[in-house]
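Asks: Single-letter residue listing:
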Amino acid sequence: MSWEIVIGLEVHTQLSTHTKIFSGASTTYGAEPNTQADAVSIALPGVLPVLNKGAVERAVKFGLAVGAHIAPRSVFARKNYFYPDLPKGYQISQFDLPVVGMGALTIQVEPLSGNAKPYEKVVRITRAHLEEDAGKSVHGASQGMTGVDLNRAGTPLLEIVSEPDMCSAAEAVAYAKALHTLVRWIGISDGNMQEGSFRCDVNVSVRRAGEPLGTRREIKNLNSFRFMQQAIDYEVQWQIDQLESGRKIHQATILFNPDTGETRAMRSKEDAHDYRYFPDPDLLPLDITPAMLDAARAELPELPEARRTRYVNELGLSAYDANSLTSSREMADFFDACVASLSPSPQSSPASERGGERENKSSISAKLCANWLIGELSAQLNRDGLEMAKCPVSHQQMSGMLSRIADNTLSNSGGKEVFRTLWAEGGEADAIIEAKGLKQVSDSGAIEALVDEIIAAQADKVAEYRSGKDKLFGFFVGLAMKASRGKANPAQLNEVLLKKLAG
Amino acid sequence: MINFSLKQLSKQLAAKKISSVELTQLYLDRIAAHNPVYNAYITVDAKTSLAQAVAADALIASGGAQALTGIPIAQKDIFCAKGWRTTCGSKMLGDFIAPYDAHVIEQFNKAGAVNLGKTNMDEFAMGSSNETSYFGPVRNPWNQNAVPGGSSGGAASAVAARLCAAATGTDTGGSIRQPAALCGITGIKPTYGTVSRYGMIAFASSLDQAGPMAKSAEDCALMLNVMTGFDCRDSTSLQREVEDYTRHLNQPLSGLRIGLPVEFFAEGLSDDVAARVQEAIAQYQKLGATVVDISLPNSKLAVPVYYVLAPAEASSNLSRFDGVRYGHRAAEYTDLADMYEKSRAEGFGAEVKRRIMMGTYVLSHGYYDAYYLQAQKIRRLIAQDFADAFKLCDVIMGPTSPSTAFNLGEKGDDPVQMYLSDIYTIAVNLAGLPGMSIPCGFGHNNMPTGLQIIGNYFDEARMLNVAHQYQLATDWHSRAPL
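Those protein sequences? They're chains A and B, same order as listed. Counting in the working numbering, the first sequence runs from 253 upward without gaps. Counting in the working numbering, the second sequence runs from 740 upward without gaps.
No wet-lab data here; the hints were simulated from the structure. Each hint should be verified, as a subset may be incorrect.
[Said to hold, decoys possible] Derived DSSO-like pairs (lysine-lysine); straight-line CA-CA distance at most 30 angstroms:
| hint | chain 1 | residue 1 | chain 2 | residue 2 |
| --- | --- | --- | --- | --- |
| 1 | B | Lys-746 | A | Lys-388 |
| 2 | A | Lys-734 | A | Lys-721 |
| 3 | A | Lys-305 | A | Lys-388 |
| 4 | A | Lys-723 | A | Lys-752 |
| 5 | A | Lys-723 | A | Lys-734 |
| 6 | B | Lys-1092 | A | Lys-388 |
| 7 | A | Lys-688 | A | Lys-734 |
| 8 | A | Lys-429 | A | Lys-305 |
| 9 | B | Lys-746 | B | Lys-1025 |
| 10 | B | Lys-821 | A | Lys-388 |
| 11 | B | Lys-1092 | A | Lys-331 |
| 12 | B | Lys-1081 | A | Lys-331 |
| 13 | A | Lys-472 | A | Lys-388 |
| 14 | A | Lys-691 | A | Lys-619 |
| 15 | B | Lys-786 | B | Lys-849 |
| 16 | A | Lys-739 | A | Lys-691 |
| 17 | A | Lys-388 | B | Lys-1081 |
| 18 | A | Lys-688 | A | Lys-642 |
| 19 | B | Lys-830 | A | Lys-331 |
| 20 | B | Lys-1025 | A | Lys-331 |
| 21 | A | Lys-331 | A | Lys-305 |
| 22 | A | Lys-723 | A | Lys-713 |
Could you put together the complete structure from these sequences and hints?
Replies: Dropping the structure here:
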């Protein structure tokens, strides 16, 4: 009997406002405990919340980016429970009237095992709502006591809730990654997972094919995609084992321990709080006007999915390349800038040049740029553990180098040397080519002279080649390249060699 | 001097007949002499008050005085005032020194007024007799065995006993108007959103509204001029043009249409209060007003609706008093839950606990729709009743409270009887309307009776005019229990 896996995600993404959602206190990460806790963060008697407009604008942008319905009127509610890091004794959140309604996100799934091919899937987003974060309890802070740090209390969060549309760890991870890319892409969150700016709760259940939904358990607070995959794999197997040995699954909140790779229950449904939600009387209903929608729409960049489609349809890139290049907005923008500086712009191209040719040229430059960005550049970023945003080579520097490959001034291996220099020392491609003497020899006279010399010097081998030993071609290429000190244009060299060796 | 109006005091100060320091000292001496009996103040800080008076005198000398500069005002102990102990009448905040000023306090500071002290009140403003205060009951200056009303009982007692020039109060279900009536003074609760709630410790956020309590309508108008104004720190603060609440005071009342709700003159109203209210209405007719009977058919539901909504909000508002960051924490506890339970059990009094429990209950899963949502619907019907009534009249009049001041302990065992003493005032809060109480004579036991005036939204200036014209024609407001 085969098992089906059903997964839904709740993602808390911290919005990138400078101040808190209901006060003017700073949201900067990593300050000394309680130095960013103002009267509102501490919940002194008498203080009141005032909504941060920037948080609302970011929520609206997100809603538009996932094609969601934006509620013209939504309501903030109080979620009541006691905990030392929850200073008011309630969290201001949204309950039955969230600002963002049903939307959807297209994800690219790369199956984790077997020979299955990558595929695309649409995951529905149930809702997204604004809320404030709690502070942090620091257990054992001093003399066996628990300390409370309220710097984080009141930080704006957007909680994004998906439908249970995912049926494997791979899909869950692909969704989380796509969401992570999107929130950074549209500039509403820094998505920093180590700092807790993007935290995932994963609801997992299993069922036998065709049966109704099983009981779910919720894995809380996963802050890495790798842990997410491990946690889901472990949890799915655990649930299947339980059911196959005749036990029942009980609804529970569970934690994943990365050290043991196991999940364990934190609290069961019986301990569930009655949060006594009710509309917060300190805040007015949140009205989103058509003007606010227009403003948010005007600020939205071209989204990852649109960019991906454009790369495939207009630039002729493969789906794989298009996915890689749209993994972050910085990468995609870098790519676009490189392609733009390598392709003749419509204004400057001769009137005689036909559109088709121009497209063909852009496609060639696009492929060249894609190869270098996905290959050499990404590899170097990985080696140095850098985000694209911190890339030491600018798109101007990169396209300076790439245009020298495109116009045959530079060989591919010469390009790599220029790139390494740009990365390590900076500078400008042409100057580096000049200084290191990397200019490719494309002078056919010079190449012919060089080939003639080799043919004359290697009469025996030439004879062997001519008698049918084709494999020797590489030998001649090697000699010629060496003679040119690596600078001969390989295509030209091949052409001349073929011709001359043929006799 | 102690019977002077704010305007007269201001003139005395301007003419250097008295300094703010002397005036403040005069009141401090009176407080020292009489507060042990009335218990109207929880905290007095002579040094701070006198320092403010010194600054006020300098301001007056420099010619920068405003209407209330140098005048000693008593602040209800619900307003956070920087450096002042701010208890809200609770053991929970018995040692809490506020690190910031409420908007209302800021406004008085800017006006150069002197903070004379923090007045006693029912714990967290929950009560109608000032008997729930952790700092002991307040006595009514007209009869020391009687309650002053509540929750702004300390403020009402202090104004009546002339222990301040004027006072601030807050009104969630009648907490300005009912004690004003019981102590024979004038008090007004303005339209919800007119006075910022920032720094005013919340009881029921959608109902709480601050307002002045003073010897006359004219004094209240001057106080309102200081207290009102938009404040961006309160999302429910209304952005409106600044207005001068004294501007209509001297208009004649001819043509004024007074609506009398039949429900306010039905069973439950004591004869003596009814008689005094009718006499006041007759006086208004002499002043040129006409009278029309109106109906507020849902007003009988106001008390039950209030006792769903106000405790619901309070149960959540008071969650921050958990012993973690400030306020009372139990001396010994075994774990976190034990710390919460003991700290709150020790820090809160019985009435506060009762309301937290009621509020928790009505918000609980399975009860929310039946209680909270239902109450919200009726709240809208109550507001609609008033909207319909104001098509027929300019102001609504009736009794403020069904009886004169009752004796200490008289209603202590019966919370419902206590809740009913706000039966005429609560609907006004539910609708968010302005309401006021002015003295209109004395009942059988020679205790003051109050006339309630309810206006349409933002009609405070008109209501103050209506009250002021009555006070020009009568002298009930200038009677003092001394």
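Asks: So, for every hint listed, does it hold in this structure?
Replies: Hints and how they fare:
1. Distance hint between B/Lys-746 and A/Lys-388 is unfulfilled; the C-alpha atoms sit about 53 angstroms from each other, more than 30 angstroms.
2. Only pairs whose Cα atoms come within 30 angstroms are accepted, and A/Lys-734 paired with A/Lys-721 is accepted, the gap being roughly 22 angstroms.
3. Our distance criterion of 30 angstroms between C-alpha atoms is met by A/Lys-305 and A/Lys-388, whose separation comes to about 25 angstroms.
4. About 16 angstroms separates the Cα atoms of A/Lys-723 and A/Lys-752, which keeps this hinted pair within 30 angstroms; it holds.
5. Under the criterion of a C-alpha separation no larger than 30 angstroms, the hint pairing A/Lys-723 with A/Lys-734 is consistent with the structure, at around 18 angstroms.
6. Taking the CA atoms of B/Lys-1092 and A/Lys-388, the gap is about 29 angstroms. The hint holds against a cut of 30 angstroms.
7. For the suggested pair A/Lys-688 and A/Lys-734, the alpha carbons sit about 16 angstroms apart, so the restraint of at most 30 angstroms is met.
8. Distance hint between A/Lys-429 and A/Lys-305 is fulfilled; the C-alpha atoms sit about 27 angstroms from each other, no more than 30 angstroms.
9. Simply put, B/Lys-746 and B/Lys-1025 have alpha-carbon atoms about 27 angstroms apart, close enough for the 30 angstroms limit, and the pair holds.
10. Restraint check: the Cα-Cα separation between B/Lys-821 and A/Lys-388 comes to about 28 angstroms, which is no more than 30 angstroms; the hinted pair holds.
11. Taken as a hint, the B/Lys-1092 and A/Lys-331 pair is honoured in the structure, with Cα atoms around 20 angstroms apart against an allowance of 30 angstroms.
12. Of the pairs offered as hints, the one joining B/Lys-1081 and A/Lys-331 holds, with about 23 angstroms between alpha carbons and a cut-off of 30 angstroms not exceeded.
13. Proposed proximity of A/Lys-472 and A/Lys-388 is supported: the alpha carbons are some 16 angstroms apart, at most 30 angstroms.
14. Note on A/Lys-691 and A/Lys-619: the hinted pairing holds, with a Cα-Cα distance of about 22 angstroms set against a maximum of 30 angstroms.
15. Under the criterion of a C-alpha separation no larger than 30 angstroms, the hint pairing B/Lys-786 with B/Lys-849 is consistent with the structure, at around 19 angstroms.
16. Taken as a hint, the A/Lys-739 and A/Lys-691 pair is honoured in the structure, with Cα atoms around 6 angstroms apart against an allowance of 30 angstroms.
17. For a cut-off of 30 angstroms, the pair hint linking A/Lys-388 to B/Lys-1081 stands: about 23 angstroms separates their Cα positions.
18. About 27 angstroms separates the Cα atoms of A/Lys-688 and A/Lys-642, which keeps this hinted pair within 30 angstroms; it holds.
19. Pair hint B/Lys-830 plus A/Lys-331 holds up; C-alpha atoms about 27 angstroms apart against a cutoff of 30 angstroms.
20. The suggested pairing of B/Lys-1025 with A/Lys-331 is violated, with an alpha-carbon distance near 55 angstroms, which exceeds 30 angstroms.
21. For the hint linking A/Lys-331 to A/Lys-305, the alpha-carbon distance of about 21 angstroms falls within 30 angstroms, and the restraint holds.
22. Pair hint A/Lys-723 plus A/Lys-713 holds up; C-alpha atoms about 11 angstroms apart against a cutoff of 30 angstroms.
Consistency note: the structure conflicts with the earlier hints numbered 1 and 20.
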